[in-house]
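Fit chain B to the known structure of chain A by using the hints.
Chains A and B are the protein sequences, given in the same order. Throughout the first sequence, residue numbering follows this note's numbering, covering 1 to 708 in sequence. Throughout the second sequence, residue numbering follows this note's numbering, covering 1 to 708 in sequence.
These are calculated hints, taken from the structure and not from any lab test. Since the structure is predicted, the reported quantities are computational estimates derived from the model, not experimental observations. Among the hints, erroneous ones may be present.
Heads up, the list lumps identical chains together, so a pair's fine if it works in one copy or across two of them.
In silico DSBU-like cross-links for lysine-lysine, where the CA-CA straight-line distance does not exceed 35 Å [claimed, not checked]:
1) Lys649 - Lys431
2) Lys431 - Lys37
3) Lys238 - Lys431
4) Lys649 - Lys416
5) Lys416 - Lys431
6) Lys416 - Lys238
7) Lys37 - Lys416
8) Lys27 - Lys431
Protein chains: 2
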Amino acid sequence: MSDRTAIEILLTARRVAIVGASDDGLKASGRTQRYLKMYGFPGEVYPVNPRRESVQGTRAYPSLSDVPQTPDVAVVVLPQALVEDAVRDCGRAGVPLAIVFASGYAELGEEGVDRQQSLTRVAREAGVRIIGPNGNGAVFAPSRLTAGFMTGLDQTRWELRDDGIAFISQSGAMGAFILNMAQTEGLGVGRFVSTGNEIDLSLPMLIEQLVDEGSTRAVMGYVEGIRDGNRLVAALHKASERGVPVTLMKVGRTEQGAAAAASHTGSLAGSDDVYAGLFRRYGVQRAESIEDLLDFGRVLAGVRHPRGRRVTIVTLSGGAGALMTDYASDLGLEMASWTGEWRERMAAALPPFASVGNPIDVTGAIASDDRVLTESVSIALQHPGTDALLVLLGNMEAEEERVCASLVRLAEQSDKPLLVTWVGGSGQALKTLNAAGIPCFADPRRTMRALAAQVAFAARPALAEPVEVGADPTDLADHLLGRGATGLDEVAAKALLAAAGVPTVMEAAAGTAGDAARAAAELGFPVALKLLSVDVAHKSELGVVRLGLQTAEEVLRQAEDIVRIADQAGVADRRLVVQRMVAPEVELILGSVLDPVFGPVTMLGLGGVFAEVLADVQVRPSPVGMTEAREMIGGLRGVALLRGARGRKPADEEALARVVVDFSRLSADLGDRVESIEVNPLVIDSNGLPVAVDGLVLLPAGPTEEAS
Amino acid sequence: MSDRTAIEILLTARRVAIVGASDDGLKASGRTQRYLKMYGFPGEVYPVNPRRESVQGTRAYPSLSDVPQTPDVAVVVLPQALVEDAVRDCGRAGVPLAIVFASGYAELGEEGVDRQQSLTRVAREAGVRIIGPNGNGAVFAPSRLTAGFMTGLDQTRWELRDDGIAFISQSGAMGAFILNMAQTEGLGVGRFVSTGNEIDLSLPMLIEQLVDEGSTRAVMGYVEGIRDGNRLVAALHKASERGVPVTLMKVGRTEQGAAAAASHTGSLAGSDDVYAGLFRRYGVQRAESIEDLLDFGRVLAGVRHPRGRRVTIVTLSGGAGALMTDYASDLGLEMASWTGEWRERMAAALPPFASVGNPIDVTGAIASDDRVLTESVSIALQHPGTDALLVLLGNMEAEEERVCASLVRLAEQSDKPLLVTWVGGSGQALKTLNAAGIPCFADPRRTMRALAAQVAFAARPALAEPVEVGADPTDLADHLLGRGATGLDEVAAKALLAAAGVPTVMEAAAGTAGDAARAAAELGFPVALKLLSVDVAHKSELGVVRLGLQTAEEVLRQAEDIVRIADQAGVADRRLVVQRMVAPEVELILGSVLDPVFGPVTMLGLGGVFAEVLADVQVRPSPVGMTEAREMIGGLRGVALLRGARGRKPADEEALARVVVDFSRLSADLGDRVESIEVNPLVIDSNGLPVAVDGLVLLPAGPTEEAS
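So here's chain A without its partners, still in its complex pose (with noise of 0.2 Å):
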């Protein structure tokens, strides 16, 4: 195989190879060949067809054997039965990519799957690397290696510019559509790949082939279904290490469209939680549409980054500025104060009757009075207090090319982005300010949106610090799984917690309704009697919890009653545990369960209405550090609960996200030899300190053992 990774050979790619080369250039089979000539692919084509002379004007050649120099890439545009010979014939020729446009593989269900296995195993053993198949190939501009067969191509005559930003998309119809709406938009998008079935090289690996190989600025990604979850933690820690800024567009968020999305893709869902947490873990911003990610792609290829997150807007326009300020406080933006001298720089600098409150609102002079768009920007962007600048224009199709000549200016003075809104006009300032490197949109959401995922993008989180996987936390653990146990019960899955350095209600075991009396006397009243057994599911409704014992009389005589219920029911495992009572100041609950795409996660969330009705959870991968940690306790949406809500005690914070990490490291730790854990509740103490009360443990495909 080659040293040269797939996206080093297609962003210079000197020589192709298109094998099975038809010389109709209308067809699937004879589009690539006639695009590479249409945008004047500077290198050597070879077309591959033993039944020509030559295919479209150039000369064809019978097998890959023949072709007189080793192409970097084959793109193989036979129909599915003869694909597997072709790989075949590009591990003997030396080819060390090649992009196969051909379906009829796992997308077809069962029939297909056996298929896709076959040509993995071919191309493995051939040494040659896949995009595909069933994809709709690639396009770089910086090679201008057209390689794809949509008809986008055809008609559009793009640009092929480049401006550094790459697009990997799962979905080949709408990868092309997207491909086709930025390069008619004027925006770089020049380095595409439609990954197809991914046999071979998945949208994760090109994601990490891109910000290993260093030039691309920007990478947006339409994500339909990730097979290998640990490849893409990979993919976007490296991407947000480089700090190349990654945008991706998933599709199947709620239950519905991930349904949708696992029957058209045919691989498990995952949870959009997991999704979710790892975005904000890396700075990926999430696209919501593909206007989002349009718009993402085009301000995070961009050079300048907002030190923090003041905006100052100037507009012509005082609604549209409370228009904007709403945008701004929607996605947490904080509004520039303007004071003092530079408050009084800014009034000197506009019309009498402008307001110099930010939003500043300059009036319709900014058309007429070229001095008062070129002070009011320029002091703006000098203004210490300000991080970004946004400007609202619109119409003035008579004065657009000065005024966006200003603007080029103005922004060529300062390092701030500068983002214009342009609403309504000809659409030609659109047009320049774009190309100019100016942001410039036609909906002041939008301009707001894309500006916010820079602002997002520049302020990510730290990476995590290293944490410290792999060895179990206790011989305790090894002990406790081992033993082959029908599962783990109460107790014993707070030793592991408790192991693994989660602080655990204070509680003892007890054999009989005497020894628990006893241990209630040794732990103090009030206490929690409760029914210890690997048997039972749900002991609240067998009626084997007892709260608020006073006495050690009241607990003999509930735990009587226990055994006696418990006896009844036939359960054989019918011990005891009494637990000191907590107060709880808020609750929470902690868990951990494996995804089918990332493994173990951790989750955090709060308890009560807030888990039953509004579903307020964090989601991470196993395992997070301290930074991660407290990003999510802050991520929560009733976080005010934990700070002193209405007269409640705040929790320690600190204390409760070293909870969260020794947890999501007992996560990490036990993998897949547990299916999941759950501290519910995890209780606030009127310490502020975090408890866990209860423990579950669940054994793969072994009995249940639930919260009581």
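For chain B alone, kept in the frame of chain A given last:
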């Protein structure tokens, strides 16, 4: 005054005077005349200018009284100082409507306010209706009246298309920009008014006139600040009644945005929650962006109304289908169910590898095979379980003409909404389909939002049954509010609520500790005991609230303690109140405040963390009827708590709605005689019934009694 409304005049105007007409067609004072000519205004134009024989080649008149026939409209293009005289002249000449461009009024602050009041007076005395001042004018395509000076008219050379869509803008600049976007995008916004400072004709008045006139199919509005809330209520009521869809973009949703808007318009903001409630009541579709405003205007003006919220998605990309399913799920639309015979019919029409489930992935064959498109769309439109059909396509420049023609033909054979998303491509399909009345968008998120707006309008709540208001609910209110007290104590507040029909907790006031103990025995234990005093604002802080008392002795002892504390604190009014304890399943808050724009409004929210952290509240102008009260309950984010989430007893929602109705009538009846009423908590008891446990009535500017 004329018996024709301003809207009737503008739609039919045949004679236009331009007062202060300038020979220079590029000046603001010359543009209207030039535009009228440019766009082929078919009626008479009378320039009025005492210093010229002719203006822009048309005979000029020294004054309005010299004009041969009474103009329908006078466009006053004079500077501010000359406007009052011009308006007086309009009155003398019998001109019913004047559009005043001049600025220099209240938008300048104090100095302009006097001038504005003076102009208002002059216009009233002259019997002339006014649009403006400080607006951008009016553009009416049916009459080809281009009575504006916005340069958008100048260079774009609009078609002046009218699809019966009106646009009323309180922002001059944004109005002009958005009108420009609409016209250049071929959206027939043919009735436009920029209302400026609204000294006479306001946005609500013009909406009402548009509805009354009858030929307008949809109204778009850009709202910066409403002065007279009741006018807006009346206008939206009428629009809903007559089935005229309204979409409004309101700036100042957020606290910061509202502050910016208030500073810009000089009017009080009013609570955005009230607007949100009003929009729900009348099925007003709220635009979150300029795109929304135009998109919603487009679909709402359509003649096809969905009968329900069941959508079928036909797409050529499985991933795009999943994406659209996400959006449908986000927006509360349902995926139509395809089973049995219909599923078979669809399968028979599709290529073998298509996916027949909804979303229906017809594969790329839709491009090459017209029958795939024709049959799948035709079957989907016939499918009885489908209320609206969404088709997603893209690129296909070679096929777009044929595909568009097929879609137009298919749409004609059905009365169901058909919306198309066409991603990428040349842009021609968007134009073709939109021109043919098939809404088409480039981003599937926009399509789904537009459809959701259409569905929400079609399914808007029935208009509230009339609620009788105006009479005081009881003599008690007169008695309580009229007795000149410093405020209402808790018992009096609840007596008022009870008289209005709100169930209140069983309680008794007591003058002494002994009386309290006797009252407790009669009520039955356990009881709550509190200080009853008009002098104490914060009962809990003073330590004069005791809960869960079990015996008469305990009540006596605690009552003596409370009286002692009150005595020591120097409280003059130190009576007691004893209440039956109510075990709450859920706690709500019911309140009424005086909104600066809308007057008394009724608020319903969930208590506890929902109030503290989430501000989960529904607000409507008082009063509300049963339908709307049910809708308020259903609109709470935490409504699941009322519906038995996690084993709770479900609330009797009808009983709760009845309480909201009765309370809202009290709120409306009392009007500005009280500053606010708060029932906190309104408890759902163990029978699922609502009970007011505490009540607070705040009198205007009087001392306060707060909820304990």
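Exercise for the section: Measure nothing new, just compare the shortest in-copy and cross-copy C-alpha distances for Lys238 and Lys431 to 35 Å and report within, between, both or neither. Expected result: Within one copy, since 33 Å is at most 35 Å while 43 Å is not.
Problem - Homomeric proximity label, Lys431 with Lys37: Cα distance no greater than 35 Å - result: both (28 Å within a copy, 32 Å between copies)
Handout entry: Alpha-carbon proximity between Lys27 and Lys431, which holds within one copy, between copies, both or neither at 35 Å
Key = Both: 34 Å inside a chain and 28 Å across chains, each within 35 Å.
Practice task
With 35 Å as the alpha-carbon cut-off, assign the pair Lys649 and Lys431 to within, between, both or neither.
Solution key: neither (55 Å within a copy, 60 Å between copies)
Handout entry: Intra/inter-copy verdict for Lys649 and Lys416 if alpha-carbon distance must be at most 35 Å
Key = Neither way: Lys649 and Lys416 sit 42 Å apart in one copy and 57 Å across, limit 35 Å.
Handout entry: Copy assignment of Lys416 with Lys238, given that the CA separation must stay at most 35 Å
Key = within (26 Å within a copy, 50 Å between copies)
Problem - Homo-oligomer pair classification [Lys431, Lys416; C-alpha up to 35 Å] - result: Within. Shortest intra-copy distance 21 Å satisfies the 35 Å Cα cut-off; inter-copy 38 Å does not.
Exercise for the section: Indicate which option fits the pair Lys37, Lys416 if close means a Cα-Cα distance not exceeding 35 Å: within, between, both or neither. Expected result: neither (41 Å within a copy, 46 Å between copies)
Consistency with the previously given hints fails for numbers 1, 4 and 7, ordered from lowest to highest.
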